[in-house]
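K.L.:
So the chains spell out like this:
Protein chains: 4
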Amino acid sequence: MIDDGEFIRGKVPMTKQEIRVLTIAKARLTADDVAVDVGAGTGSLTIEAAMKCRKVYALERNADAVELIKRNVEKFAVDNVEIIYETAPRGLDRIDRIDAAIIGGSGGHLVDILNEIDQRLVTGGRLVLNCITIQSASTALDWLRARDAYEHNAIQVQINRIERVGRVDMARALNPIFIVDAVKRRL
Amino acid sequence: MIDDGEFIRGKVPMTKQEIRVLTIAKARLTADDVAVDVGAGTGSLTIEAAMKCRKVYALERNADAVELIKRNVEKFAVDNVEIIYETAPRGLDRIDRIDAAIIGGSGGHLVDILNEIDQRLVTGGRLVLNCITIQSASTALDWLRARDAYEHNAIQVQINRIERVGRVDMARALNPIFIVDAVKRRL
Amino acid sequence: MIDDGEFIRGKVPMTKQEIRVLTIAKARLTADDVAVDVGAGTGSLTIEAAMKCRKVYALERNADAVELIKRNVEKFAVDNVEIIYETAPRGLDRIDRIDAAIIGGSGGHLVDILNEIDQRLVTGGRLVLNCITIQSASTALDWLRARDAYEHNAIQVQINRIERVGRVDMARALNPIFIVDAVKRRL
Amino acid sequence: MIDDGEFIRGKVPMTKQEIRVLTIAKARLTADDVAVDVGAGTGSLTIEAAMKCRKVYALERNADAVELIKRNVEKFAVDNVEIIYETAPRGLDRIDRIDAAIIGGSGGHLVDILNEIDQRLVTGGRLVLNCITIQSASTALDWLRARDAYEHNAIQVQINRIERVGRVDMARALNPIFIVDAVKRRL
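Sequences listed follow chains L, F, B and C, in order. Residue numbering for the first sequence follows the working numbering, starting at 459 and increasing by one per position. Residue numbering for the second sequence follows the working numbering, starting at 459 and increasing by one per position. Residue numbering for the third sequence follows the working numbering, starting at 459 and increasing by one per position. Residue numbering for the fourth sequence follows the working numbering, starting at 459 and increasing by one per position.
It should be emphasised that the hints constitute simulated quantities derived from the structure, not laboratory data. Check each hint, because a few of them may be wrong.
Copies of the same chain are indistinguishable here, so a pair counts whether it falls within one copy or spans any two.
[What the hints assert, rightly or not] No more than 25 Å apart at the CA atoms, straight line, and that leaves these computed lysine to any residue pairs for SDA-like:
| id | residue 1 | residue 2 |
| --- | --- | --- |
| 1 | K510 | N538 |
| 2 | K510 | Y608 |
| 3 | K469 | F534 |
| 4 | K528 | G582 |
| 5 | K469 | D627 |
| 6 | K474 | V623 |
| 7 | K528 | D627 |
| 8 | K528 | V580 |
| 9 | K533 | D551 |
| 10 | K510 | G582 |
| 11 | K513 | R622 |
| 12 | K474 | H610 |
| 13 | K533 | G582 |
| 14 | K474 | R486 |
| 15 | K528 | Q593 |
| 16 | K469 | G624 |
| 17 | K510 | T488 |
| 18 | K510 | F534 |
| 19 | K474 | K510 |
| 20 | K533 | I466 |
| 21 | K510 | M459 |
| 22 | K510 | D491 |
| 23 | K469 | V626 |
| 24 | K533 | I477 |
| 25 | K510 | I477 |
| 26 | K469 | R625 |
| 27 | K528 | D600 |
| 28 | K474 | G582 |
In this text the structure is predicted, and so the values were computed from the model without any measurement.
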């Protein structure tokens with residue numbers, strides 16, 4: 459588990475530690491896996507995934523974010539990350555076979571991204587989405603339900619950080635997030 | 459129900475609309491009641507209470523906050539508010555009889571405040587506390603449980619505001635708050 | 459404020475006290491208002507509304523629920539409730555003019571219900587929806603955004619009841635709910 | 459990550475998957491570590507810990523729970539778990555050196571348990587508490603703050619499971635939990 463403060467961050471929003479931990483766990487990565495992190499942002503999920511599997515493709519459309527990913531890859535000395543500087547679903551066609559897909563951001567192209575990933579996701583492959591909007595959660599759930607090949611679950615997670623203020627503890631709320639995860643049971 | 463934006467606010471933290479609504483409802487104010495708002499802050503709870511009962515004492519130790527209460531009293535044209543510029547429990551001795559006590563802030567003197575209010579609260583009187591710290595919630599619950607004269611309830615409330623960002627809706631979390639309410643069944 | 463335990467309840471799910479309080483507050487009922495409670499269930503919102511305005515139509519499609527509403531109307535001795543035993547949007551055409559519409563349940567006909575209410579809601583009229591599903595919250599938000607005549611807000615509310623177990627306090631979570639509220643600014 | 463349904467469960471309450479994942483992550487277990495799981499319950503945290511470190515002591519006072527732990531140890535075929543059937547802090551004196559302590563339940567003896575663990579926890583050792591009561595969260599935070607040797611963090615986690623009901627998705631709330639974690643910086 460990496461602390462939030464260890465990542466090099468710019469103005470790009472970063473997935474918080476607890477959400478990273480849950481996302482990576484639900485991706486059930488194994489040493490042989492090829493993973494893709496769509497909307498990689500600072501690369502925090504990319505780095506955590508890279509420590510658990512063979513190869514991670516980080517797809518990101520924002521130039522500043524791509525720069526941050528590069529710097530974090532260097533800082534954490536992971537040598538199995540390939541950055542694809544593209545707007546998803548573009549760029550996904552460079553990957554032959556996906557064992558696990560993490561979608562942190564979809565830039566309004568979620569259905570296209572899911573369709574493209576579906577083409578490449580192996581049987582037994584996992585799909586994990588972090589949805590900060592009601593629409594993306596709905597869209598992901600609708601897409602998964604229309605496809606019998608997938609088994610899925612979804613949660614909404616709300617984390618309050620307990621912070622010391624003087625002699626008392628106050629709860630500071632982080633924004634809630636939906637985590638949708640699925641397994642592809644067959645092609 | 460008054461919108462948050464209608465109150466004159468400074469840098470003093472203000473109880474948010476939904477929490478005000480729940481707090482005032484749990485105080486079960488009637489037209490004849492004398493209420494006290496301890497740690498009145500901007501006076502938002504004071505104003506809402508003043509619209510429902512005979513008299514509200516607003517106890518506040520911070521000079522800037524007292525100024526805000528005065529301006530809000532003027533803006534909302536309520537003529538039944540008396541401001542006590544003191545650090546509670548000091549100042550409570552100026553009130554003979556309390557039908558409903560709202561405690562929005564206690565400045566670390568919660569037990570003393572509760573003891574002082576207890577002296578003045580009538581049978582059938584209500585006590586409602588907004589606790590933003592774990593300690594004040596614990597202290598209030600412990601105090602109430604040690605007193606058979608009181609029946610109490612407590613909730614933790616978490617509100618997420620759904621906000622439009624471009625074409626999607628995101629949830630922005632407000633910090634959670636404990637609301638403890640009690641009725642004094644006998645003296 | 460009425461306690462949950464005061465209502466006569468069957469197996470019909472009931473809006474919990476805190477949600478009732480927030481919903482009624484957001485409906486901003488005044489003494490002259492005509493309100494409608496769509497999907498009235500046990501009638502708990504109907505009763506609370508009836509205590510604040512001139513007339514409340516309770517629309518409900520379930521026969522058991524209609525029976526509960528009748529019994530609660532009797533218990534709380536309100537004489538300004540008219541029950542419409544119909545599946546909304548059917549039945550709404552019996553109401554000429556609506557000042558405030560509360561939608562507690564929509565049975566999958568939310569858009570039709572909103573369209574029908576829109577025909578009858580006066581300028582300045584309020585619309586408050588309790589949405590327990592992601593889909594109904596999304597649908598309500600989409601409908602409102604497509605109509606410039608409406609100004610709206612939305613929150614997600616999560617209430618944890620603090621319950622005493624032996625010598626300690628545990629939080630028991632109630633299911634979260636979306637409350638969407640809107641004002642019709644012009645016809 | 460193990461699904462909740464994979465564990466053999468009786469009437470003993472079980473730590474839910476997401477809370478297990480966060481707890482184990484915060485314990486930062488390494489292959490050489492000796493861990494203790496105090497108030498092990500069904501042994502779900504014990505099993506997850508056993509898969510990541512050298513040895514796990516599962517301390518549990520309830521005979522039914524001890525039986526469940528045994529059965530889960532067998533089911534998951536972990537050979538590095540030692541069950542201590544005792545009421546903590548009793549039983550902790552059988553462990554010489556602790557690298558990571560997980561406290562899932564304290565049975566009202568939290569301070570004694572923390573004091574006893576403190577005697578055995580190495581420099582760099584981790585302490586992670588799952589607190590379902592306000593009192594245990596407060597007690598843990600107070601204990602940690604009184605000890606400069608420890609650096610700590612705390613969160614409150616609320617998980618809503620999104621469940622399909624007919625054609626819609628509803629959120630079913632799990633009870634919130636506090637997770638307090640600390641590192642012992644020096645002896």
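K.L.:
For every hint, state whether the structure bears it out.
P.N.:
Status of each hint after checking the structure:
Proximity of K510 and N538 under a CA criterion of 25 Å is satisfied in both settings, with 10 Å inside one chain copy and 23 Å between copies. In the homo-oligomer, the alpha carbons of K510 and Y608 lie at most 25 Å apart inside one protomer (24 Å), although the nearest pairing across protomers, at 29 Å, exceeds that limit. Taking the shortest alpha-carbon separations for K469 and F534, only the intra-copy value of 20 Å comes in at or below 25 Å, while the best inter-copy value is 42 Å. For the homomeric pair K528 and G582, neither the shortest alpha-carbon distance inside one copy (30 Å) nor that between copies (31 Å) is at most 25 Å.
In this homomeric assembly, K469 and D627 come within 25 Å of each other (Cα to Cα) only across copies, at 21 Å, whereas the closest approach inside a single copy is 28 Å. Within a single copy, K474 and V623 get their C-alpha atoms as close as 22 Å, and across copies as close as 20 Å, so both meet the 25 Å cut-off. For the homomeric pair K528 and D627, neither the shortest alpha-carbon distance inside one copy (38 Å) nor that between copies (31 Å) is at most 25 Å. Taking CA atoms no more than 25 Å apart as the test, K528 paired with V580 passes in neither setting, with 28 Å inside one copy and 36 Å between copies.
Taking identical chains as interchangeable, the C-alpha atoms of K533 and D551 are never at most 25 Å apart, the minima being 28 Å within one chain and 42 Å between chains. In this homomeric assembly, K510 and G582 come within 25 Å of each other (Cα to Cα) both inside a single copy, at 17 Å, and across copies, at 24 Å. Taking the closest pair of Cα atoms, K513 and R622 never come within 25 Å of each other, the shortest separation being 40 Å inside a single copy and 34 Å across copies. For the identical chains of this complex, K474 and H610 are neighbours both inside a copy (23 Å) and across copies (17 Å), given an alpha-carbon limit of 25 Å.
For a Cα distance limit of 25 Å, the shortest separation of K533 from G582 across copies, 23 Å, qualifies, whereas the shortest one inside one copy, 32 Å, does not. Within a single copy, K474 and R486 get their C-alpha atoms as close as 19 Å, and across copies as close as 17 Å, so both meet the 25 Å cut-off. In this homomeric assembly, K528 and Q593 never come within 25 Å of each other (Cα to Cα): the closest approach is 30 Å inside a single copy and 39 Å across copies. In this assembly of identical chains, the alpha carbons of K469 and G624 lie at most 25 Å apart only when taken from different copies (19 Å versus 29 Å within one copy).
For a Cα distance limit of 25 Å, the shortest separation of K510 from T488 qualifies both inside one copy, at 6 Å, and across copies, at 14 Å. Within a single copy, K510 and F534 get their C-alpha atoms as close as 13 Å, and across copies as close as 22 Å, so both meet the 25 Å cut-off. Within a single copy, K474 and K510 get their C-alpha atoms as close as 18 Å, and across copies as close as 23 Å, so both meet the 25 Å cut-off. With identical chains, the CA atoms of K533 and I466 are at most 25 Å apart within one copy only, with a shortest distance of 8 Å there and 42 Å across copies.
Proximity of K510 to M459 under the C-alpha cut-off of 25 Å is found in both arrangements, the shortest distances being 11 Å within a copy and 13 Å between copies. In this assembly of identical chains, K510 and D491 lie within 25 Å of each other by CA distance both inside one copy and across copies; the values are 8 Å within and 20 Å between. Within a single copy, K469 and V626 get their C-alpha atoms only as close as 31 Å, which misses the 25 Å cut-off; across copies the closest is 21 Å, which meets it. For the identical chains of this complex, K533 and I477 are intra-copy neighbours only, at 21 Å inside a copy versus 29 Å across copies, given an alpha-carbon limit of 25 Å.
For the homomeric pair K510 and I477, the shortest alpha-carbon distances inside one copy (17 Å) and between copies (21 Å) are both at most 25 Å. For the identical chains of this complex, K469 and R625 are inter-copy neighbours only, at 21 Å across copies versus 32 Å inside a copy, given an alpha-carbon limit of 25 Å. In this homomeric assembly, K528 and D600 never come within 25 Å of each other (Cα to Cα): the closest approach is 34 Å inside a single copy and 39 Å across copies. Proximity of K474 to G582 under the C-alpha cut-off of 25 Å is restricted to the inter-copy arrangement: shortest distance 24 Å between copies versus 27 Å within a copy.
The earlier numbered hints that this structure contradicts are 4, 7, 8, 9, 11, 15 and 27.
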